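Asks: Spelled out from the first residue to the last, the chains are:
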Amino acid sequence: MGLKRLFIFVLSIIFAGNVYSQKKPVVVNLDAFSLSLSKVIDFSKGYRSMLISDSLVARNIKSLTDVLRFNSFIYFKENGLGMVSSPSFRGTSASHTAVIWNGININSQLNGQVDFNAISANSYDHITVRGGGGSVLFGSGAIGGTIHLDNLIQFSAQNQHEILATYGSFKTKHISYDFVKSSNKSFINIGIGANSSENDFKYLDSNLRNDNGSYENYNFDVNYGYKINEKHQLKLYSSSFFGDRNLSRTLNAPSNDGYEDINSKNLIEWNFFLSPKEHITSRVSYIFEKFKYFDNNRNKEIFSEGNTERKIAQIDYNNSISTKLKLNGILGYEAVSAFGSSFDSNTRNIFSGVLSVNHQLTKKLSYGIQFRKDFQNDFDSPFLYSLGIEQKLNKKYTLSFNTSKNFRIPTFNDLYWKPGGNIDLKPEGSYQFEVGNAISFKNISFQVNGFYIKSSDLIQWIPNQSGVWSPTNTDETRNVGIEFSANYKTSIKNHFIAINANYSYTDAKDLETNQQLISVPKNRLNALVNYQHKNWSAYYQLLFNDDVQFIVDKIPAFQVSNVGAEYEVSRLENKPKVGFVINNIYNIRYQNTLNRPMPGINFQITINLNF
Amino acid sequence: MNFKKTVFLVAISGFLFASCESDNAPDEPKGVYENGLLIANEGAFSGGTGTVNFISDDYLTEESEIFNQVNGESIGTILQSIGFNNDDAYLIANVGNKITVADRFTMEKITEITTDLSNPRYIAFSNGKGFVTNWGNGSDATDDYVAVIDTSTNTIEAKIPVFEGPEQIIANGNFLYVSHKGGFGSGNTVSVINAVTNTVVTTISVGDIPDELAIDNSGNILVSCEGKAETPWNPTEVLGSLVTINTATNEVGATLNFASGFHPNSMVFNDSNIYLSTSSSVYKMDEAATTIPTSAIINTTVYGISVNEDKIYVLDAKDFASNGTLKIFDASTNVELREFTVGLIPGKIYFN
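Chains as they are written, first to last, in numbering that gives the first Met the number 0: chain A, 0 to 610; chain B, 0 to 351.
Treat the hints as calculated values from the structure; they're not laboratory data.
In this text, all values refer to a predicted model and were calculated from it rather than measured experimentally.
C-beta atoms are modelled at their ideal positions from N, C-alpha and C, and glycine is treated no differently.
Simulated restraints on C-beta separations: (1) A247/B to I301/A: 33 to 43 Å; (2) F378/A to S321/B: 23 to 33 Å; (3) T198/B to I301/A: 18 to 28 Å; (4) R208/A to G172/B: 36 to 46 Å; (5) S331/B to Q514/A: 36 to 46 Å; (6) Q558/A to S331/B: 54 to 64 Å; (7) T152/B to K553/A: 31 to 41 Å; (8) L59/B to N522/A: 32 to 42 Å; (9) N85/B to Q514/A: 37 to 47 Å; (10) Q515/A to N193/B: 48 to 58 Å.
Looking at chain B on its own, in the form it has when it is part of the complex (with noise of 0.2 Å):
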């Protein structure tokens, strides 16, 4: 950080903490990235760097690239997802097969974790440690595994083998549950592993193509399963699904089946409603619902979506070769509140 970024960080945050002031928690103010929303983009896969941009929740800032502005290096090739610990942010290069930390708030890089991670995808903490997914070669069905992080050191501690292609990773309690998209296959569990232990404790079948992992309200783990949709490729249409999955057996609670033609790409659990998107639509459901949602709520390219309070997300990779935007729109109403151009690829939205 040079001495011009320094003089404006402290003025930027001089800036946060009079406007805090005002209120009655007196916080100190944790970075300039405090009150926001981080936004992964994947970046270009040929030699091309992933970025996250940074835009404050009043959305009168927007700054982009902004762990590379900070730090003067880049994340590597395809930020796949950014897992948090505490303050920690860890930025996951899939391709650059490399971990950043780094202080969510300010960006300020930690440490690296360049050792024994093979094609990693997602992470997830539970017993102190940060779990991520690796899915080794995407067509060798024996070098994938799950690597075992010691969050006081950021070092490999374990690596876990698992079943081909694990993705998305979520933590319940000291359980971890893992959906098997499959690679450059198509798999169709979900396995559990116990974090104090560091072994798969259970394997669970589910529709084909797991992906995006939520916990509902009542403790159950949500599974968006893709299917497969009909192409010149694929004669037969495998419907997409949403597994439920019972905590406390580890065993399918129930199956909702989409109609035909609904692939989602992603899911999110807010506030008793499950959302869910396909490439142009965006759905919604209430957790406790038994048919499948048949309108759309919004109508509009998705590439990414997430919901917090009262917001519905959605990011937009345009042809993938430009920057591509976000789209935030009202839950309530659904109507679009604004657009910011983002980066290229933009694929994950975290709040901060």
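Next comes chain A alone, as it looks inside the complex (with noise of 0.2 Å):
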């Protein structure tokens, strides 16, 4: 289908649920609009998503990896503390999580990933982890499931200053300092943060240290909302991020390398609200990377460097038809250009056509119909689809069920490395379905999705005829599983007490070789357990990965645990919160990666200042 085709098909069905539509108005609450945010909650019919609450971000405010390795489903491979680490999210691999940045893919156009640990935790005022493929609304990569990142922008009358300050073992530090000031009419939202740390800690049972991988790294945000009169908003988010980190050794080898990374996203955003049921968003985004890796951190005149610069633009056209039907269209256009060390200067353009469809047919069933086409200079991009459905059979059980189709295009490097890189390539491409049951009741709460992905033409990077390292669409894999988690509240007069568990069950393998994939853990639970109590609060967060099997070595199954106690002043003005975190209580020898130890028993003192 072509570029105009499809528009002319996007406006005809706008048109058409136009003349269908009903009179009812529909309010949409214009103070705290979000867009991005609408996609996860309003455009998700059907699919699983989980809110990371900010308690749980102060508690493991070090990085994002930590807020979701103990509070989600996924598994990070974190090639030791603090290093790169990148997520396997139902089995898939690495670049089939998408990272979403106030509704911008923001995955690497180099090797199409997100190191969770070059992004901070504190930025965000939502952490939304959205399980299943998303490529139709998320793009490229969407595949096991999407990690939201959002600022919300809200004008009414606020006036708030925080400070987080961390200190910890192995002299690991961060602060970070937020300040928010807005009225009915503006808002602007100002963060800086810090992170450090020696990272020099003993590996239990061995006379070696995790040399090398001491780290640092800063924030800067502003996120500024200016409301020009109820028909329009002016919105700007900007979120930038600068690491310097070594990379640790493992028990194998000894390392001196180093890498810095620089990353700045950067977007305004025109709310358009035509009428209380139709509005226009209209975006512009400039997003740049660039990261230096040195062979030998103490000569770092000699380097490696990958540079990529992104400008996008998107309308975004939405129609609440009525409080059940809702329509939305989108039209995008992104221009990516790369350069770097061991590939030239490329450039890629992409035009992009989305179309949504939510509709309330009946009042327990709805369901959401959505299609993507990308049209780009280098390959064929592949139809899109996704559809789910909600039932709600009574007031505690609703069961969904999703279908949709999705892809990853062929990054950078895989297209332009030299040597070895193959401009042959064409998109990936995976399919799944899932099936969800939740069920509530007064006190505790569970949700069960089975899920099943099947994937193809996955790109695989093996030696050619010549013996370079060049990358072909030949692998399938197949991945299964089970998602079960449960949320218990309850309280005897001031006690309160939560417990929350996330169990995965994933079964994924490769289809030519027929063997299990390589950093999947079969099971894998966590679990937290909450305790308040006046002024005092308690918690205990477990964690158990099953083994993991990596190349021709099996990484063992670990479970560990922390405790963390968190006291407010009251009797202070500005009620300051303490915190004290034991982490690795039980001192248990564990691995993320092979051969990468974690640390033993470590400790780490809060302090949480709002004024």
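Join the two chains into one complex using the hints; note that each chain is given alone, in its own frame.
Replies: Okay, structure coming up:
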């Protein structure tokens, strides 16, 4: 389907929708409007989303890896504490989890991945984990699931300063300051943060230390909103990150490598509310990332580097035709350019069209359908779809189903790497379906989801005829699994107890070799017990990670627990909160990736000031 | 080594001893890994370790990870090569920046060298010393050296600065010949080191990307040069070549260019024959031949080859993500005799 024809198709549907629209007006909350959040909430019928609460983020503030490792289903292949960290969501590969910043897919254009230790955990108001394919809405790489990082610009009176500081073992420090001032006309939020660590912990049962593991990083964020009038709002989002890391040794090799990265994400958004039920959002975004890798961090004259620059423009049209029917059409253009030590300067242009319909068919049955088609200069992009259905069987039980076709386009590394890059690659394709059951009672709720993902034409780097490593569309994989979560809450007088548990079973297979995929734990469990009494709260965090196959080796299963307590000093005017955490309380020897030990028992104190 | 292991070793050595008794040469067995092959597997790059497989000459015994089994520790990341000095094996972990010295027949660890190494590649012995090529940073042309090991203390006593990317090293009397593959770039020289004075005597220009070295029956040094294959990233092919260096004059005696598309990855000299391999075939030529071989004697995937006592040994690294294999061929008929599964990325074969 040509772009023009798609556009006409979109328009005709919208028009048709208008004809049959009902008269009941729909009220959009104009003062807390977030287009990107609405994609996760309104246009994700039949998909499971999990909001990571602020208090969980504050406890594991060091990195997004830490936050999500203990609170989601995702397994992280963290190459040593604080080092490069990539996700495995539902058994998929590192480039099959997309990270969406305020609605923009920010996966690297070079390797398709996101390093979860190169994203600050304190820069976002909402961190949401959405399971399952989302390429239609969120683009390339949204196969296993998506992580949404959103800033909420609200036009209501606020004036708040927050300081969060932590200090812990191995000279691990965090300090961040966050300021919000807003009125019914304007909003400003400024955040700055810094993390650093010597990270030189001793490996348990070894005479080695985690040498060359020190890191530091800084983030700077500005979010600004201005309400021009009742019809127009202007918003600016900007988030920058600077990281400087040495890359730590392993049990089998020392290291003197170093790695520096900078990324900056900038977005200007204009919301135009045509009527109470119709709005158009226009966005332009500029994103750049660059890294430098040092083979010897004592000689910074010699390095290899990569740089990418992206310019994005989008028009997003929303029409809530009735309370029951919502329509959304998006037209997008993206220009990407990249240059680096290992490839020449290259550019890529992508046009995309997305059409979404959300329909509440009956009181209990609702569904959403979405389509996407991309057009780009290098190769043919597949036609993508997504369908989600939710059926409320009774007050306590909701059954959901979704199916989608998703993709990942070859990265600049895949296409242009010298030597080895293969310009004849085609996009990876993946289709999947999922059944979800949500059951909720007064104090307890359960969610059980079963998924099936089949991916083909997966890009794999293997040595070619002349012995040069080169990517080809060879692999085919099949992942099936179950995700189970339970949340329990109770209170006796003023004692509050909350228990959350997430368990997943994943069976991921390479269909060519009939072998289990590497770096996928079959069983994984995390649990959190929270207790609160007056100004006190205490918690126990547990993570069980099954055996992980890594090439010909096996990373043994482990179980690690953290204990923490927090106290709010209510006597003082600003009610500062102090906290203390003991990580790995049983001093367990464990590894997330092969022969990269994690620290034994370690400590951290936290102070949180609001004024 | 635990008690069970000791019992096992005693039992095995007893067996070997018993089997040797019928022979007329009742030599003391030197260890359980005598009379067999050692296969050096590079292992996984990220956090992994190199391993050694043992296969007995009679093919009855196969053991994997023998160093790790005997010593309860690992060799280090990327086992690049092993060098032998009498009964001592020097296992070179390239990314691990470590040389482990072990008894070649028992695999029992003697000591390790971890200082003054930077991206070590290969070792040769001369004048009672070990000489180890070190790349340093693969993109830094000024930090390359040959480390000199005092074999009595197994410590590094000197560093000889050399050109970029010193790869293989071979001893010819008191002189060492080093091929400069060129690190992450491409080299085209062989340097000659005096093992008595620890100095570079001369540098000889050869073909592009010189790698394997051997000494022929006339005492010349043979150098196999990979050249550069034609690829989308390298539009102009540079032919591979076989260069002969006259060791009396340290000058190039002959250069034999290979055919277009022939870029050797291994070379072995055995019994007046030169064996060369590409990634998919093994070729054979007489040392006196003045023309290049045109047809392969064996067609199979090749990551490394070796030839010994009428047998050709071919290593296949498969997909580099699962265990590789060793295929053994009869050198006179080129017929495959046996195939064994070995470790991850098997690179080198040695004969005990």
